[in-house]
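J.: Chain residues, written in single-letter form:
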Amino acid sequence: MPEVDLTIEICGMSGDGTIAAGGLLNAALSKAGFFLMAFDSYPAEIRGFGRCVTRSRVGMEEMLALASETHVLISLDDEQSLSRVPFLAKNATVFFDNRPPSFVEEGRSIAAHVGPDVTLLGVPFRDLTARATGTTRGRNLTALGAFAGAFDLPPGPFHEIIRKKFDPKGEKVVLANIKSFDAGLQYAREKLDRSAKGIFPVPQKTGEETDRVLLSGNTAIARGALDAGLKLYFGYPITPATPIMEYLAKALPEKGGRLLQMEDEISSIGAVLGSFYAGGRAMTATSGPGLSLMTELITHGVMAEIPAVIIDAQRGGPATGLPTKTEQSDLHAAVFGGPGDSARIVIAPTNVSECYGYTVKSFQIAEKYQTPVIVLTDFFLDNRVENVGMPRAVPEEIFDGNVYPDPSLKDRYRRFERTESGISPRSIPGMEGFLFTTTGLEHSEIGVPDYAPQNHMLMSDKRHRKITGAMADLPAPREFSKGGSLKVGVIAWGSTFGSALEAVRKAEKKGIRAGALKITSIFPYHADIIREFMARCGEILIPELNYEGQLANLIGHLFRKEVQRLDRVTGEPFPASIILEKIESLAK
Amino acid sequence: MKTSGRVLAEKVAKIKDSKIFSIRSSNLPTWCPGCGYFGIHQGLNNAIQQLGLPHHEVVTVSGIGCAGRYPFFAHTYGLHTVHGRALPVATGVKLANPRLAVFAVGGDGDGLGIGGGHLPHIARRDIDVTYLLFDNSIYGLTKGQPSPSSPVGFKTKASPHGTTDAPLNATLMALSYGATFVARLFAGDPEAITEALVEGIQHKGFSFFHIYSTCVTFDKQFKTWDHLHEWVHPLPDSHDPTNLKQAMDEALEDQFSLGIFYRQRKE
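Just so you know, the protein sequences line up as chains A and B, in that order. Going by the numbering used here, the first sequence opens with residue 1, and the numbers climb by one from there. Going by the numbering used here, the second sequence opens with residue 1001, and the numbers climb by one from there.
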């Protein structure tokens, strides 16, 4: 089977139906059996007037990252699409409206701005749509139809997806949209020179019409929380975490839970702590500015040993920063933020499936270790769409993680007993004979304030023992290499890991002994495993989307010499090509 | 001598009789002798006892301050949280397990200063939490700075020339935020506190208790026992606690009338 690795972009002005067309394209290609990763960008400002771009990378195996070049550009508005021309791959194909409205000035057509290697496929989107349906509104679907026709894609999955999407609006709307699509499809089949340079039919995956679903990182998190038995959600709107709240606002009440939009992030984490204290699973999701507001109460959870689950969807910082851009610069804040020695658990998924799985797991871990768990994601991971096998939580993952006191201890219960593991059995209000008061003051084993020097030593040790012990339940680093000694070892976290792995695989193909280590447990981290990997590497490269090299700061000391940092703060996902370049130069 | 001995013996017998020790924690309060908070403590303990609430189904949530220490002295589940955040934490507790009786307690600095942004929201959401605001118009635990309810001209080490900021009117605030049960009381009258609490605890929804108290150690000029005894008086007989407008007028015009200001009828 020929290898497929296509990046398709749709670009238009808001109002052209760009994002909608991208969504339909992704759904239809997923239905047709391809793997894909997609990421949209649209204007950050509310006026909703600006350039919209959807970007889908399609292939026959799991997609690790976005590609930096575009093979197919579908232009719904040439003036906007001109900005995408520099990203076209050699021999790319461009679909454009060759009968645009008369107000498009001569010379502003995209046809005048692409290189001679590009195949230009002019399709009168507006005319065709108007003839088929009487309006030009469905021209985004006509464009999709032209793409499907030119690339020999079966129309079936597209029809099915269009029907599903527009069904709530009635049969008339469904038919109009199908007609729009078919007009483009037919035109491409009949009129376009499909033998022209640059046209490469997409091979159809045989059999196995897949049950994969299109999920964004945010949706996967929300579904993971629901499957884990989330009872209460408390949150405050903030980009890019808001979609989690919006998903749960609908889905949580259907499962008997409740969502409260709180007055700020402080009250959100406060209510989460209150809920876990009373035995109910709760969650909040925020971004950097909100995380900083939560910090004091997060350390309260550490000190008072109350579980909490916090999603931190990172965006560009500091302060308000770049709200709609991706970055991985909250690691320091998540791991170290707040007063005192307040070790807490921080985990970071690297793809959509892990967004689901780690959210599920975080509840149990928070309960068992009686401490806040922060799940770090980033704008790109939150908003990108992957088609993944529908993840399902297995029962072992969603069991109550609480460790309850032995009933025989009734009336002589010591809530903060210093056990070997540091985990002290925790009673829940409603349990008779196990009353206690929890406090953010340093306290004795029975929970009353105690500032004695020895007590603070012993209790600090107990709390940190617990966090170290949690490593047993946290996902260990995973190595992707041919094993043995490696010239370059790349260590990455979050959405950057996909790019790192892609770069490593390409380096291997070029004959470089490279390997990738995926780190998902940010704190506590598995120092022994990381050290063992590092010991086999000539150079260690840590690419990350922040300026200060925050993961490198955390684990760099495990390497015998300086680690190589590759820090980027462009607001965009980490391009695999840049990591590959660095691997090549280090391997020399 | 003999008489006072008998009086003392009678009082001890009365205290033993009251089963107060089954409600009080074995941790003795750390408040200064003569502190108004003892009266509030007694008022709340008696209300819990009168209603027969099982202690293991009561949660007391507090922030930071002298009043914040309350949970340690109560024989209930307790959450001594960070400064100003008792109300959101109490919201989480109540929603997670509605069977629990949830009390939030805190001082005027905790509830009107650092935590002032939470009162409107628990009130408008009408979460079934009973909130006791211990209002002595001073930061006691940090040794006497002016609070958001201190009067203009209040002199402390942090305001040697007297404060210039106008005080907040917590009762009026709670009413305007939409609290469905609002009472103003006085630490010097624990019986009245108990009586009002018994009603407020049974109220299905948020209930707010604005309780005037003293700080005998750091405030010798404003809310002293002598002053408060002189100033406070019951709401007029004509007061109709179902009339929100009347309650707001009353709160606006007389800052020392006590009683149940407002009670929204619930189905």
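One or more hints might be untrue.
A partial selection of chain A residues facing chain B, derived with a Cβ cut-off under 10 Å [to be verified]:
1) P237
2) E263
3) H300
4) T439
5) G440
6) Y451
7) P453
No wet-lab data here; the hints were simulated from the structure. We put the CB at the ideal spot given by N, CA and C, even for glycine.
J.: The structure should be examined with respect to each hint, and the outcome stated for every one.
T.: Going down the list of hints, with the structure as the test:
no.: 1; hint: P237; result: 15 Å, violated
no.: 2; hint: E263; result: 4 Å, holds
no.: 3; hint: H300; result: 5 Å, holds
no.: 4; hint: T439; result: 4 Å, holds
no.: 5; hint: G440; result: 6 Å, holds
no.: 6; hint: Y451; result: 13 Å, violated
no.: 7; hint: P453; result: 20 Å, violated
Violated hints for the displayed structure, listed by number in ascending order: 1, 6, 7.
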